[in-house]
Amino acid sequence: MGQHPVAPDFFFRWLACKDVAVTKTKCHRSLTALVPTNNSDLIDWLAKKVFLHHHSTYRIKKLKQNYKKLGFSKYAKQHRKLPKADKTRKGNATEILLTEYVESCLQKKLIKVFKLRYNPNVDQAIKGDDTLMVDVLKGKKKDKIRMYLGEAKFRKTPTKTIVETITKSLEQSKNPLSYSFLVDELGRDPATESIADMLDKFLVEQIKGKGDLISVGMLFSNTSTHGITEANLSSKNSNMVFISIGIETPEDLIKKAFTKANYYVRNPLVV
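Numbering (the numbering used here), first residue to last: 327 to 597.
Just so you know, the hints here were simulated from the structure itself, not pulled from any lab data. Please read these numbers as outputs of a predicted model, since none were measured by experiment. The reader is advised that the hints may include incorrect statements.
Once the Cα atoms are required to be at most 20 Å apart in a straight line, the calculated EDC-like pairs of lysine to aspartate or glutamate come out as [unchecked claim]:
#, residue 1, residue 2
1, Lys-581, Asp-367
2, Lys-352, Glu-490
3, Lys-586, Asp-370
4, Lys-435, Glu-519
5, Lys-470, Glu-519
6, Lys-410, Asp-578
7, Lys-586, Asp-412
8, Lys-527, Asp-515
9, Lys-562, Glu-490
10, Lys-467, Asp-526
11, Lys-464, Asp-538
12, Lys-527, Glu-511
13, Lys-470, Asp-523
14, Lys-500, Asp-538
15, Lys-350, Asp-538
16, Lys-470, Asp-538
17, Lys-468, Glu-531
18, Lys-464, Asp-523
19, Lys-453, Glu-511
20, Lys-435, Glu-511
21, Lys-374, Glu-577
22, Lys-482, Glu-574
23, Lys-387, Asp-515
24, Lys-527, Asp-461
25, Lys-470, Asp-526
26, Lys-534, Asp-469
27, Lys-407, Glu-511
28, Lys-350, Glu-556
29, Lys-486, Glu-497
30, Lys-400, Asp-449
Now the in silico label distances, taken between C-beta atoms and shown as ranges [unchecked claim]:
#, residue 1, residue 2, range
31, Thr-575, Leu-396, 35 to 45 Å
32, Asp-449, Ala-347, 33 to 43 Å
33, Lys-468, Pro-362, 40 to 50 Å
34, Gln-498, Pro-334, 31 to 41 Å
35, Lys-388, Gly-535, 38 to 48 Å
36, Pro-362, Val-596, 23 to 33 Å
37, Asp-449, Lys-486, 25 to 35 Å
38, Gly-465, Lys-410, 38 to 48 Å
39, Ser-399, Gly-553, 40 to 50 Å
40, Val-597, Ala-411, 17 to 27 Å
In this text, a Cβ means the ideal position worked out from N, Cα and C, and glycines have one as well.
Please take these sequences and the hints and turn them into a complete structure.
What follows is the structure in structure tokens.
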């Protein structure tokens, strides 16, 4: 998956990284806070990620076009993309962190679909893979792809059960459910149709058989997360890495980030 992000990436500023010694059943990257949860730069950074993951380029353009028109608040409400449900907010924020962290580690943008933009019921979580990202690796003779399948969970307090739940969801036998969806969505846009055509030629089982399906679990919780993860993490999947993020009052960070993200909805010109 790559090393922990380096400066000027915000993950480098926010989180300290400890790669725990790898065993046959455990590959654990432990992340802990370098700045307090109420840090204004941290809140603003996450708020912008939340805003951008939930709103398509088209929707942002329309918000900006209609910003100064009479009745904008009703317009924004009609096209609401940010969830109000606390549980959904926490789940979405953790999925966003997982997506952003993997890309920051690899220092490149991956092929993905921002699935939060397509949710017809914004206050309920979308079924299926939490995250699925594809990296195209250029070869001398032919290209190959590497897939990153993620499972992300938020808990106010970490437990043995949630560590085991994440691990079980990323067992060796698990195949991504949304690969076809990703290809189809890319194929709808003329700008990405050629990428869809290329991905359509690959079979998931072949990718997996070559060791190019990487499973990434993430638990976002409080400062006890490292210890709970270390005590309970065990997996037979040799291609799985477990990322734990342990900070003080993580629920406060998510609440404040969504409050700021809603501010950006009401004031889209400042994003």
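If you test the structure against every hint from before, which numbers come out violated?
none
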